[in-house]
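A.B. asks: Heads up: the sequence lines are chains A and B, in that order.
For the first sequence, our numbering puts the final residue at 374, and the numbers step up evenly by one.
For the second sequence, our numbering puts the final residue at 169, and the numbers step up evenly by one.
Treat the hints as calculated values from the structure; they're not laboratory data.
Please note that a few of the clues may not be correct.
What the hints assert, rightly or not - Below, computed lysine-lysine pairings styled on PhoX-like, alpha-carbon distance capped at 25 angstroms:
id, chain 1, residue 1, chain 2, residue 2
1, B, K145, B, K130
2, B, K130, B, K91
3, A, K281, A, K141
4, A, K80, A, K69
5, B, K160, A, K281
6, A, K301, B, K145
7, B, K86, B, K145
8, B, K161, A, K281
9, A, K49, A, K89
10, B, K146, B, K130
11, B, K154, A, K281
12, A, K281, B, K147
13, B, K67, B, K90
14, A, K373, A, K80
15, B, K90, B, K147
16, A, K69, A, K373
17, B, K90, B, K71
18, B, K86, A, K301
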Amino acid sequence: MKEVKLCIVGFGNIGRGLAAVLDEKQDLLRRRHGLKLTVVAVAEKDGSLVNERGVDLSRALKTQFSSCPEYSSMKTLDVIKSCNADMVVELTPGNMKNGEPGLSHILRSLECGMHVVTSNKAPLALKYREIMDCARKAGREVRFEATVGGAIPLINLYRGTLQANEVRNIYGILNGTTNFILSKMAEECVDFRIALKEAQELGLAESDYSYDVDGIDSAVKVVILANALMGRSVSLKDVRVVGIRDITYETVELARKHNSVIKLVGDVNELEVSPRIIPQNHPLNISGALNAVMLDTDVAGDITITGVGAGPRETSSSVLSDIIDLAIKV
Amino acid sequence: MIVQMQLDLKDVPGSLLRVLEPISSHGGNILSVMHSRGGGDRVLVHIVFKIGDLEMLDLVKNSLKQRNIRATRINIEGRKYYSKKSASFMLVGHVIDTDLRDTIDRINDVGLVSDIDVVMPNPKEKSSVLLEVEFDERKKKQLVDCMKRICDRKKFLLIRSLD
């Protein structure tokens with residue numbers, strides 16, 4: 045049995061989702077991969093849980109962070125430096141102004157000789173080259189499947205099964221909130237504000253919904269895909285972004301009259317996020333809060349993948365997949 | 007050079023003659039004409055003709071355009087020279103109040119607006135206008151740039167079809 049030590053940074057929705065799935069999948073990891081994943085530290089902004097023999101994740105999930113016996117007030121960067129893990133799993137929320145605190149967490153982890161798995165889009169969208177240069181110098185890897193498309197295995201599909209292909213373009217619905225709103229407008233004949241309100245009530249849209257509806261979230265993913273998979277060197281300011289808030293009920297109805305729908309599409313080749321007209325029978329015409337991505341490849345042709353683009357449990361599938369891949373290599 | 011031209015014409019008396027006249031008047035020597043009725047009111051026509059050079063062919067194309075006739079495909083010596091594509095563009099904003107005629111004229115400089123559908127909830131609110139535009143596939147970028155320029159200038163939301 046191979047033991048691999050993890051340090052989880054960020055114990056919000058995604059961090060707690062991962063902890064629950066890790067707990068649930070320990071048997072499967074032993075049977076299928078001969079792996080024992082031990083979480084030796086969990087770091088949050090107001091304190092940390094550190095235990096070399098393994099933090100009790102079930103207790104951490106059930107009780108207040110600060111009332112766990114392993115609790116200390118040690119700061120995250122110090123935890124990363126001293127925890128002696130093989131891998132850091134960086135799951136803090138992103139800050140699109142400077143990528144912090146995730147950027148510092150990732151760079152510190154690499155400098156300390158640890159691999160990194162992250163779901164944090166901001167550092168990758170803002171400082172992709174800097175992070176990859178740092179990883180190369182340290183001889184370590186950074187994996188980020190969960191940053192684009194939540195549970196959809198997009199980056200690993202490209203690097204694995206599609207490795208014989210030239211990918212000519214990647215485009216699709218990269219944000220579940222806007223897909224939910226536009227689907228609702230089309231299917232229930234309601235206007236933007238009513239559809240948005242319902243998305244908020246269901247927890248699909250934040251009270252500050254501009255990041256989703258103005259296309260920023262999709263644009264961030266376009267940048268990550270362009271840099272990571274298409275060999276580009278671009279940042280958020282290079283992407284032309286148009287959101288969906290000016291789409292009226294009449295616009296959606298007019299599209300339907302012509303057997304079409306409107307979806308917010310991120311197009312990696314064109315570095316553009318904008319609403320697009322799609323025929324009703326097109327593979328990207330998926331309803332609800334799902335994501336759908338098309339890869340235009342030279343050998344395999346068009347490939348469409350669809351799945352849940354957000355949610356703690358679903359995102360954990362991608363995070364854990366990266367962890368297992370790296371754990372096998374450690 | 008030998009030119010093969012494919013056209014989609016309305017099946018009414020005189021429409022074939024309106025195509026043949028510009029070819030002859032610009033020095034084209036017509037070698038064959040084939041047409042097939044595919045049902046409805048359209049007829050597909052293939053014309054093969056000999057013409058001096060590209061400039062003369064462009065004169066033929068321009069004359070046809072003035073007659074509102076568009077070739078759907080042109081091959082020169084068997085190689086594709088021109089292929090007509092069609093794209094949908096939706097404009098959301100005060101499209102009527104900002105001179106719709108001018109908008110269409112600007113688009114027609116690059117392509118040809120072949121169909122239009124307008125929804126106007128009331129005069130004070132934004133309207134939604136769907137335009138079908140035919141264009142030479144080599145001019146796709148030019149057309150998209152033209153649409154973006156119009157929409158930036160007239161403050162429309164542009165929604166274009168996915169290829």
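A.B. asks: Of all the hints given earlier, name the ones this structure violates by number, lowest first.
C.D. replies: Hints 1, 2, 6, 10 and 18 not satisfied by this model.
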